[in-house]
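First to last, the sequence lines map onto chains A and B.
With the first letter of the first sequence counted as 1, position 91 gets the number 91 in my numbering; the numbers rise by one all the way through.
With the first letter of the second sequence counted as 1, position 284 gets the number 284 in my numbering; the numbers rise by one all the way through.
Calculated from the structure, these hints are not laboratory results.
Quantities reported herein were computed from a predicted structural model and do not represent experimental measurements.
Heads up, some of the hints might be wrong.
[Unchecked claim] Taking lysine-lysine and the DSS-like style, the derived pairs with C-alpha atoms no more than 30 Å apart in a straight line are:
1) A:K137 / A:K64
2) A:K15 / B:K206
3) A:K20 / A:K237
4) B:K206 / A:K92
5) A:K15 / A:K228
6) A:K237 / A:K64
7) B:K206 / A:K64
8) A:K135 / A:K19
9) B:K127 / B:K22
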Amino acid sequence: MVIAAQDLTLAYGDKNIVKKVSLEVGPRTVTALIGPSGCGKSTLLRTFNRMNDFVPSFRLVDGKIMYRDLNVYSGDVDPVFIRRRVGMVFQKPNPFPSSIYKNITWGPSINGYTGDFDQLVESSLRRAALWDEVKDKLNSSGLALSGGQQQRLCIARAIAMDPDVILMDEPCSALDPASTARIEDLIGELRERYTILIVTHNMQQAARVSEHTAFMFQGELIEHAVTKQIFNAPKHKLTEDYIMGRFG
Amino acid sequence: MPNDTAKVATAGSSLQDQALLKIRWSEIAVVRFLQVCAWISVLTTVSIVGILIVESSAFFAVISLGSFITGTDWSPLIEPRSFGVVPLIMGTVVVSVGACIIAVPIGLASAIYLAEYASLRVRRFLKPTIELLAGIPSVVFGYFAVTSVTPFLQWFLPSTEVFNAASAAIVLGFMVLPMVASLCDDAIRAAPRSVREGGFALAATKAEVSVDILLPASMSAIMASFILAFARAIGETMAVALAAGSTPNMTLNPLVSMQTMTGYIVQVAMGDIPHGTIEYQSIFAVAATLFGITLSLNLLSQMIVRRFARHWE
């Protein structure tokens with residue numbers, strides 16, 4: 001197990017968004033979190049690196065988030081340390097308004113990276129399948145790239161931190177089909193090194209990229225199994241209805 | 001229902017009669033009124049500029065523009081008269097730069113605190129309170145400078161004169177501070193949440209996100225706010241006239257009395273100088289200089305914002 005939720009209940013104010021969810025994610029796998037809008041999948045995702053700390057009304061009501069043997073929400077755990085090991089890619093590409101080069105090096109440099117930055121930039125961009133497109137303009141702004149390139153830059157930025165886990169919050173929802181296909185291929189390559197948890201609205205995408213799929217509905221985890229099984233022989237009626245497109 | 005509307009529409013006259021274009025006089029009157037109101041500001045500016053040009057050209061017919069701009073002796077009221085504006089500009093610059101030395105760091109720091117650290121509750125209290133500072137009448141600041149700031153300065157710098165540029169600069173700094181804080185706060189907050197989250201997700205602390213990402217990204221608006229604050233300080237009159245005194249002084253020492261451009265205009269405009277004399281016309285020349293400087297600064301700040309603004313997305 002690399003990351004896990006144990007009997008987790010999360011709330012915004014008084015409203016429980018995630019209810020008694022238990023989920024384990026093993027090393028070097030891609031797990032997809034699917035479910036209709038508002039089912040709590042993004043909220044759950046954002047607890048694994050404590051990004052919900054910035055939402056004032058967020059509360060962890062009950063249960064635990066584990067990263068390996070660390071209790072992520074324990075008072076003596078530094079959230080900055082967790083975020084060093086658990087990276088994140090967001091729904092909308094959000095490069096910093098600075099050069100491509102600096103987008104990659106900033107995270108490692110503030111976290112004490114002492115190696116060769118040029119090498120780091122090249123290897124991160126190569127692994128994010130962006131190197132060939134940007135190698136001649138590393139000093140131009142990250143914001144000048146296309147949407148799909150920006151998202152790969154954000155993935156490269158996350159990879160540059162050499163994380164253990166990468167969380168992806170609907171990383172393709174703002175992209176066109178061609179860019180989406182490239183990111184999906186990339187996820188296939190990244191699974192060799194990283195544990196990936198991806199929230200997606202798109203069931204075909206979950207079927208294409210993931211080995212495990214977890215289906216959430218109204219804050220509860222309905223079913224979690226090998227992706228093939230979820231899509232071919234779901235155990236639960238709700239899962240089947242959602243996958244067949246009867247609601248959502 | 002369709003039957004009812006058809007009935008109303010055809011009652012009395014033909015469709016052509018009903019559709020006949022009407023001239024709505026009340027509508028036209030309202031538009032004209034709104035138009036006049038909108039143009040009043042333009043008219044005012046144009047007439048002020050016009051008067052400045054006419055009166056100062058009468059001045060420059062007697063005193064050459066070159067000797068006015070480069071002259072280092074300003075004694076327009078006492079013989080032998082001399083109209084070198086440099087000491088007034090010097091006084092203005094010393095006071096305004098001093099004000100910015102106070103307002104810029106404190107204002108920027110307040111803005112970072114307001115935008116990134118303060119809780120919603122603290123922010124709701126703090127922001128209007130800072131802006132309240134801008135609502136205090138200028139003359140109160142001037143009085144405060146003479147009765148509190150100057151004695152305080154004299155307490156540890158005994159050479160400080162009763163009227164001095166330093167105390168004017170200090171109160172002026174606090175007068176323009178709300179403007180710096182408010183504009184910088186707006187600029188920092190304009191950065192979308194997604195960019196902050198991107199920083200935090202890379203294991204950055206709040207300070208690292210603020211200093212490394214948000215400040216550089218809002219730098220153009222921050223620079224523009226500094227320039228506007230400087231322009232505002234240059235044009236400020238009452239507090240400066242009270243605190244800095246009315247002795248034109250060619251010096252950089254802020255502990256002595258200095259006269260600013262605005263201070264001189266107040267002194268002459270309120271005195272009993274007869275209209276049409278060269279002394280009277282000199283205030284228009286000084287005012288035109290002042291107007292030129294503040295106008296250029298305003299244009300400069302607009303240019304910076306337009307040219308270097310980051311377009312999020």
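The hints, checked one at a time:
1. A:K137 / A:K64: violated, 44 Å
2. A:K15 / B:K206: holds, 28 Å
3. A:K20 / A:K237: holds, 20 Å
4. B:K206 / A:K92: Between K206 of chain B and K92 of chain A the Cα gap is close to 21 Å, so the pair holds against 30 Å.
5. A:K15 / A:K228: Violated, at about 34 Å.
6. A:K237 / A:K64: Judged against 30 Å, a Cα distance of about 28 Å means the pair holds.
7. B:K206 / A:K64: Cα-Cα ~25 Å, so holds.
8. A:K135 / A:K19: With Cα atoms ~46 Å apart, K135 of chain A and K19 of chain A exceed 30 Å; violated.
9. B:K127 / B:K22: violated, 52 Å
Comparing the model with each earlier hint shows violations of hints 1, 5, 8, 9; every other hint is respected.
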